[in-house]
Structures are given as structure tokens and as C-alpha cells.
Amino acid sequence: MNFIYNKKIKIILIFIIFIQLIFLANFRLNFKIEIFKKSFVKNYGANYILPKSVLELKFISERNNYKKINVSNEIKDNDFLLQRITEFIYPTKLDFDLSEIFYLQSEKIPFSCGKLKEFEYLVLVKC
Amino acid sequence: MLKLINKKNNIVLILITIITNYIFFVIPFFELIIKINFILFIFFSIFYLIIYEKNKFLIIFIIALIFINLGLLTESWDARSIWLFKSKQIFFENTILFSKNNYAQFSHPDYPNIAPAFSAALAKLVGHWNEIFPKLGFSLMFIPGLILLSKYFDGNKFLILLSLTIFVIGKYFVNGELDGLISVYFVVSALIIHKMNFNQNNIRSDEFLYLGFAVILTLLKLEGLVLLLCLIITSVFYMLVNKKTNYRLMILFFISLLPIIMWNLYCFYYDINNANTNYAYSLEGLLSSIYIFKNFTLITEYLIFNEKFLLSLIFFVFSVSYYREKKLFNFVFLVILLYIGALFIVYLSTPLEIEWHLNSSANRVIKPISLLLFTFGIYNIFNKNIN
Numbered sequence: 099m100n101f102i103y104n105k106k107i108k109i110i111l112i113f114i115i116f117i118q119l120i121f122l123a124n125f126r127l128n129f130k131i132e133i134f135k136k137s138f139v140k141n142y143g144a145n146y147i148l149p150k151s152v153l154e155l156k157f158i159s160e161r162n163n164y165k166k167i168n169v170s171n172e173i174k175d176n177d178f179l180l181q182r183i184t185e186f187i188y189p190t191k192l193d194f195d196l197s198e199i200f201y202l203q204s205e206k207i208p209f210s211c212g213k214l215k216e217f218e219y220l221v222l223v224k225c
Numbered sequence: 032m033l034k035l036i037n038k039k040n041n042i043v044l045i046l047i048t049i050i051t052n053y054i055f056f057v058i059p060f061f062e063l064i065i066k067i068n069f070i071l072f073i074f075f076s077i078f079y080l081i082i083y084e085k086n087k088f089l090i091i092f093i094i095a096l097i098f099i100n101l102g103l104l105t106e107s108w109d110a111r112s113i114w115l116f117k118s119k120q121i122f123f124e125n126t127i128l129f130s131k132n133n134y135a136q137f138s139h140p141d142y143p144n145i146a147p148a149f150s151a152a153l154a155k156l157v158g159h160w161n162e163i164f165p166k167l168g169f170s171l172m173f174i175p176g177l178i179l180l181s182k183y184f185d186g187n188k189f190l191i192l193l194s195l196t197i198f199v200i201g202k203y204f205v206n207g208e209l210d211g212l213i214s215v216y217f218v219v220s221a222l223i224i225h226k227m228n229f230n231q232n233n234i235r236s237d238e239f240l241y242l243g244f245a246v247i248l249t250l251l252k253l254e255g256l257v258l259l260l261c262l263i264i265t266s267v268f269y270m271l272v273n274k275k276t277n278y279r280l281m282i283l284f285f286i287s288l289l290p291i292i293m294w295n296l297y298c299f300y301y302d303i304n305n306a307n308t309n310y311a312y313s314l315e316g317l318l319s320s321i322y323i324f325k326n327f328t329l330i331t332e333y334l335i336f337n338e339k340f341l342l343s344l345i346f347f348v349f350s351v352s353y354y355r356e357k358k359l360f361n362f363v364f365l366v367i368l369l370y371i372g373a374l375f376i377v378y379l380s381t382p383l384e385i386e387w388h389l390n391s392s393a394n395r396v397i398k399p400i401s402l403l404l405f406t407f408g409i410y411n412i413f414n415k416n417i418n
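Taken in sequence, the protein lines are chains A and B.
Residues in the first sequence are numbered consecutively from 99, following my numbering.
Residues in the second sequence are numbered consecutively from 32, following my numbering.
Everything labelled a hint here was simulated from the structure, so no lab data went into it.
Some hints could be false.
In silico BS3-like links for lysine-lysine, alpha-carbon gap of 25 Å or less [unchecked claim]: (1) A:LYS136 to B:LYS66; (2) A:LYS166 to A:LYS215; (3) A:LYS130 to B:LYS202; (4) A:LYS140 to B:LYS131; (5) A:LYS165 to A:LYS191; (6) B:LYS202 to A:LYS135; (7) A:LYS165 to B:LYS131; (8) A:LYS191 to A:LYS166.
Label-pair ranges, simulated between beta-carbon atoms [what the hints assert, rightly or not]: (9) B:TRP108 to A:LYS191: 14 to 22 Å; (10) A:ILE207 to B:LEU314: 46 to 54 Å; (11) B:LEU314 to A:LYS136: 50 to 58 Å; (12) A:LYS105 to B:LEU314: 53 to 61 Å; (13) B:LEU383 to A:GLU132: 33 to 41 Å; (14) A:ASN145 to B:TYR353: 53 to 61 Å; (15) B:PHE268 to A:ASN104: 49 to 57 Å; (16) A:ASP193 to B:SER320: 35 to 43 Å.
Predicted model only: the values in this text are computed from it and were never measured.
We put the CB at the ideal spot given by N, CA and C, even for glycine.
Next up, chain B with everything else stripped away, as it sits in the complex (with noise of 0.2 Å):
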């Protein structure tokens, strides 16, 4: 039986794993189930990284991120007072749903919970909670975007890859938050999508993992919604633009947006809401503060003035000076330019106070953006077709 699991069969179980994991959580019966997933997700990604992964040293790669996490205190604010106390309440509770209560609302409530929803799975597994080991749970998430990586970027490339990875990443690998998980999920929906776009032929095998990827992308946080649907209205536009309809590829992007769109729902339903919604971004206060030039000098400062984004925005304009590939630079600036048109709305219209939210966010909210610069420019330098 084994021997029917090939290897993109075998990436698109572990995505299965995570999702079916979230969908055992809606109803609070399925405890043994979730333990058995969770055994599952283990066995899926340990089958493929013996098996079929080409690059041994991400097995090596994986295990010493498991170490650093567990040698860590989980210490920041968002990572303690969101993420794992969501995945605390999943775990006392035994569902996702206990958001309806709109109980705690400093910790968000009304935000996507897929990932803390993993991580209460791996404290079932365990069966008790402490204040180490849960955050694991986020770390493990990484092992089927960084597989893809691999499976595209072969050899030396994946490596120098990973280092840059790394670079933008770093903590957010390990520490409990999940600003790490929507950079490497985004890269990797950005490059299917790109795929799926542009070399039409043997899409199909790839739908999967589009889907896949892209539904825990959107569940993860906000912006991997807004990440998503700069991405969907990137390839809408080619469609557009080169008169190449793919109305597959759209029912596609609809589907992938669903799982979210009934989160909403729900919390509109059972008007959950967090301390910020309260006095919630509005269009009065995009109004009024979109005359004020030095917001606009604030937001591109912490913004596209960081280091790290700026590296990246090099090395991918070098590369695609040197390497000329037009179609490839055009995906790439469009997704960047409406992300950052976003977050620029998003800035404007914030209800707190502009610089302490530019300071506590924008380093963190920029990383996709940084990490998909890199990923591009790699590709666009060593130009071979994925597959």
C-alpha cells in the first residue's frame, strides 16, 4: 500500500493531516482521532524524508529546529497571549469553537486558529500542557513547505535557499509565532500558483497542493488571507491580460478561500471580536489620516526601509536585470505592490496609535514579501522549470 504514495501524493497527505486536524476540532468527540492524525502527520512526513527527500541535510535541518524549540521559553507576547493561549483553550476545550464565548479578547478571539489547533493536538498526544513543548507544534508545521521548497529548488540551491530563508525567518522559526508559517506558506503557494500560471501544462498533478497549501495559508492569520488574494488577483489579471482564461484555475482560488470566508462567517455570527475590532479599523480613520503626509513617510520607513526587505529587493532586481525574465518580474512586482498597497491602507486606517503599530508589526508583516523577493530571484538565477 505503501508503494501507492508517490512523492507529491505523499506532501499532499501531510497538508491532509493539518487540515483534517482542524476539522476534528470543530466537534469536541474526536479525541482518539486527533491523537491518530497527529500519528499520521509523524508518520507521513518521516515516510517522505527517508524516503523520496533528495536533500538529506533537511532532515538534519528539521531535527535541529525541534531541538532549539525545545529549548526555548516561550516569551513574546504574541506567541504567549495568542497563538498558545488559543491552542491552550483548544486543548482544555476540545474545540476550535470556543471562540463563540469571545472570552479573553486581548488574545483575538476571532483569528483563525489552524495552527493552534495543531499544536493542541501534539499536547493531546502528550496529554498535558506545559509552557515548552506546545510551541512545537507551529515549528512541525513547517516540515511540508519547506519539503516543496526542496522538491523545487534541488542541490545547492535549496541550501543557499534555506541560509536565506533563515535570514528573513530566523526566530519566527521557533519561537511561537506564526509570521515564519505565512512567509514559507505563502512562498510556496506563490510558486504553484506561479506554475500553474505560466507552464499550463500538468497542472492538474498540482491542484492539490495548491489547495492544500493555500487553505492553511488563509487559516494561519489576516494577512495570509490578504497574501492569498494579492496572489488570486495577480493571476486573475494575467488570465485577463493574455486573454487565457482558466475558469479550472479559478473555481480553484474560489474553493481555497472557502474555509475562511466561513470562518468569518462564523465569527460575524456569534459576534466575536478582539480588543482592537472594538474601535475597529474604519474608513473615517483612513479618511482622516491619508491627508497626513508624515504617515506616509512613517509607514515607508519601517516598511521598505527594512534591512532585510531591502536585501532581498536587490538581490531580486540583480537577478532579474541579469537574467531576463519579464513574465517572472511582473508577477512578482504586481503581488508585491498590492501586499504593500495593503498594508499601506491597513497603516492608515489603524486605530492605534501609527508608529507604536508600525513598531510592533511592520518588520514582521514584510518578511512574505522579503522571502519572496529571495525565492524569485533564486528561481529567475538558476531558471529551470520546476516540476
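Excised from the complex, chain A in its bound form (with noise of 0.2 Å):
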């Protein structure tokens, strides 16, 4: 039996890309058999990677069937979250003129503006 189809270096090189596969899943990827369980679960995974502002405002913006919302200087700035924003709440899509405008709980809100709602991480108000 040649180097081919020799059995005992298969089983070799069998053992070897498992031991490559159970690496790669657990050390060099975060693996979970709890994500894989739920893994076909509607909307599920999100709570794992994204800011729970970003939750809520999925959240609100699904509840009330939002077509367009608008958000704050502050976080238009912050790429991370405005992307995160962009990504989780689409088909609805973000709008920068509208008046109606989500702020962070943390942020100032101006003189000018008034608040209409308040959640547990954003505030809506109208400027």
C-alpha cells in the first residue's frame, strides 16, 4: 500500500485536522454550543455583541413600525455605534433631517429641543 492510501497515515491526518478544527472553534473563535442550540432562533444573537442602546432603539423603532428615524451630533460621530445603528435597525433606515432625533440618555439635550419620550437608554425629543 502506498503513501496514498495508506490507512495508518490517514487516520494520522484525520486526527490532525480535528485537533486544527477543535483549535480553531475554541481558541482562535469563540465557539458556544448555547448559540448553536438557538442558532435558528428569530433575532437572536444580538444581545451577545451590540450596545443595549442600540437594542432599545431597534426595539422602539420595530414597535412603532418606524420607516426613517434621525439621531444625535453625538452619536452620528461615534462610527462604532452609528454603523452598529445602521446594521441592526434596517429595513429601518436612518434619516438625518428629520426633527424627531434619538439622544443617549448620557448626552445634553439643547435648549432649543424638547423632550417628547423617555426609555431606559434613549431619550426622544423633537428640535
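Both chains are given apart, each in its own frame, so use the hints to dock them into the complex.
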């Protein structure tokens, strides 16, 4: 039996590949069995990755069936937050011309704007 | 009827389902057909793996990939903000042409999107969206590539190649980025082109295989087009040097470039661009940085001194020096030279800070070349004509 079809070598190679896959899943990547179990559940997974304010914004836009929303300048200047919001709230889109604007709770709201509604992490204001 | 599907036709059918999925997403009225098409992809893949696949370990490997993929969050920026965001947009808009709105420029709406369309089809089949399973679509696209590698490299050769592929691609098999797919589709295209160039007999049966892999390669990412052009230029160069112009092959090369040309025309027509192309790669940028020696040392450091690239290069040089195969060495060498030349031009003309750009992308863009060197190294050592 030559090298190409040698069964002992085949077993060794398969063993090496399994070790590589286990290393990949557990050390290079963060494999979690609980994620696997719920991998096809609707809307699952976001709470592991995204900030609470982004999750809340999605919840608000879905509940109110918003097609478009606007966010504060501080959020616009924060690339991380703005990109996560853009991706996660889709199909709701961002429209920077709207007068109703979502601010973070930690932000200072301009005097010219009035609070419409307060949420846990966000405030909706009209400017 | 199933008896009519022979081994090669079956792989072509798998590739066709990926391409037709993309075509069906052009017009937003084919939701049912898209679902049926995806089921056909699954059917043809399972049919091949059960009936024709000699190396049954490939089935276990694919199941392991699916298992790992579904247990991972989509964390990397490229995966989330570019590829899966595109998938999500296709899923909700029912079309790949959503890009014309030029919405969210950070997500590169001008990038081709065959893989996101495939992942969106999986989501259509499931019926909803979440943050985990859509990236499985990208991992499933490895199936035709792995099948063809298994067909070309039988027995333990395939297992060695698979182990080296995991070494090179690693997490890109499952993490929602496309650099692993690019590498596999590129290497398979290179094998087919090499076969069509040097084993002139019976190349017609490979024409559809070439078209399938090459078209998908160019529609995955911009690097795919550059890599295919490197293969085509090398192939045409050999035809000219050997004075054996194969017009049929030339026409085939041209056809394989048509879909990406159409995509780029579409982007040009609607002025679709991304946050980087707004202050784009330019000749001025290239001319201003080409005289700075430090830029060359930086690019060399990141590209050439990449440990996986160096190991694959040593492996390939060893295989060629020991089992002398001049034609193969020249073919691979010219492809690498062209691609690395193209990468130097890209990095020298980058509008971004060069070290940041290299740091964020160099180890990914060199992967196709590392895998090419390992694959052709194994091919050279065992030196058996692929069929």
C-alpha cells in the first residue's frame, strides 16, 4: 500500500484535522454550544454583541413601525455606534433630516429641543 | 433522470444554483424560485457527497464546518458591516440592486455581492433574520470548491491539502468573511486553467467548471477580479510564448469577466461608491508614495514576511527543486509576481494611512497566494495529472 492510500497515515491526518478544527473553534474563535442550540431562533444573537442603546433603538423602531429615524450628533460622530445602529435597525433607515431625534440618556439635550419620550437608554426629542 | 447527472455535471449544477440565485435576486419577484433554487443547491450537494464523493471524510468535515459556524457570533467588522449587512439588505429588499440607493457608504455598496445574495437566500428559506445563521450561507459556498479539490487530489493527498487549507484559511472558513472563499475559488480556478493550458486534451469538459468558479470568484470581492486577471494574463502569456493561441479559451476568459464588468458598469451608471472611493485610490497618491523607500519596506514586511506565505513559499520551492517541473513553477511564479505587483500598487496608492491599511488587510489578501503555493506544491510532489 503506497503513501496515498495508507490507512495509518489517513487516520493520523484525520486526527490532525480534528485537532485543527477544535483549536479553531475553541481558541481562535469563541464557539458556544448555547449559541448553536438557538442559532435559528428569530432575532437571536444581537444581545451578545451590541450595546444596550442599539438594542433599545431597534425595539422602539419595530414597535412603532418607524420607516426612518434620526439620531443625535454625538451618535453620528461615534462611528462604532452609528454603524451598529445602521446595520441592526435595518430595514428602518437613518434620515438625518427628521426633526424627531434620538439622544443617548447621557447626552445633554439642546435648549431648543423638547423631550417627547424617555426610554431606559435613549431619549426622543423634537427639535 | 438522476443517472444523467454525472460527476462533473453535478459540480457544475451546484455552481449553477449559486449563480442563478444571484440572477433571481436581480428582479424582486422571485422569492419562491429563490427558495426552490436553494433547496436544489442542498440537494445537488448532498447527492454528490453521497453518490460520487470517494473521500467520505469531506462529508464529516463539511458537517463540522456547519456545526462550528452556527455556534459563533458574527463579530468581525468586515463580516458584520460589509457582508452580512449586504445579506440583510438583500433579504429585506428582495434584490441585489439595492446598492443604487448608495445607502450606508461605510458598508461598501459598490462591492459585488454574490455571497451575500446566497446567504440572503438561506434566510429566505428559513423565513426570518438573526445574527447567527445567515453567515452559514458563506460556509456552504465552500462545498463546490472542496469537492473539486477532493476530485483533483485523491486519498491522503486531499487530507494533507485540507489540513494545509485549514492552516492557511483557518477562521475564515466560518467567521462570515469572504477571504477563505476567495482563496479556495482562486486555487480551484488556477488548477482548471493550468489543466486547460498544459493538458490540452479533453479541456471542453472543464469549460463549464471554469466558468462557474471564475464567475463566482470575480463576484465575491474585488480581489477575486484581480486574482482572475492574474491567471488569465499568465495563461495568455504562455499561449503567446508557445505560439499556441487557443481562441476558444480566450473567448471563455472574456465570458468569465462579463458579469463583473456588468456589475461595475451598473455601479458607474448609478454613481455607487463607498466611503473610501470618495477620496479614492489615485495616480497622484501612487506617484507621491512611490519614491518613499519606507513604504516598500513596510509593504514587504507585511506581505512577504507573513509567516504562512513564507512557509508555503518554502514548501513550494522545495517541491519544485526536488521534483523538477519547470512549466508548473513558471506558471505559479508568474501568477504570484503579477498579484504581488498589483498589491504593491494598491497599497502605494491607498488613500488610507498605509501602515493601518496593511495591518488591517495584508494577512488576508496574501492568503490566496499561500494556498496556491501549498496546493501546487502538493500537486508537484505527487505529480499526477489531474483529471
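Could you work out which of the previously given hints the structure breaks and list their numbers from low to high? As far as the earlier hints go, 4, 15 are violated by this structure, in ascending order.
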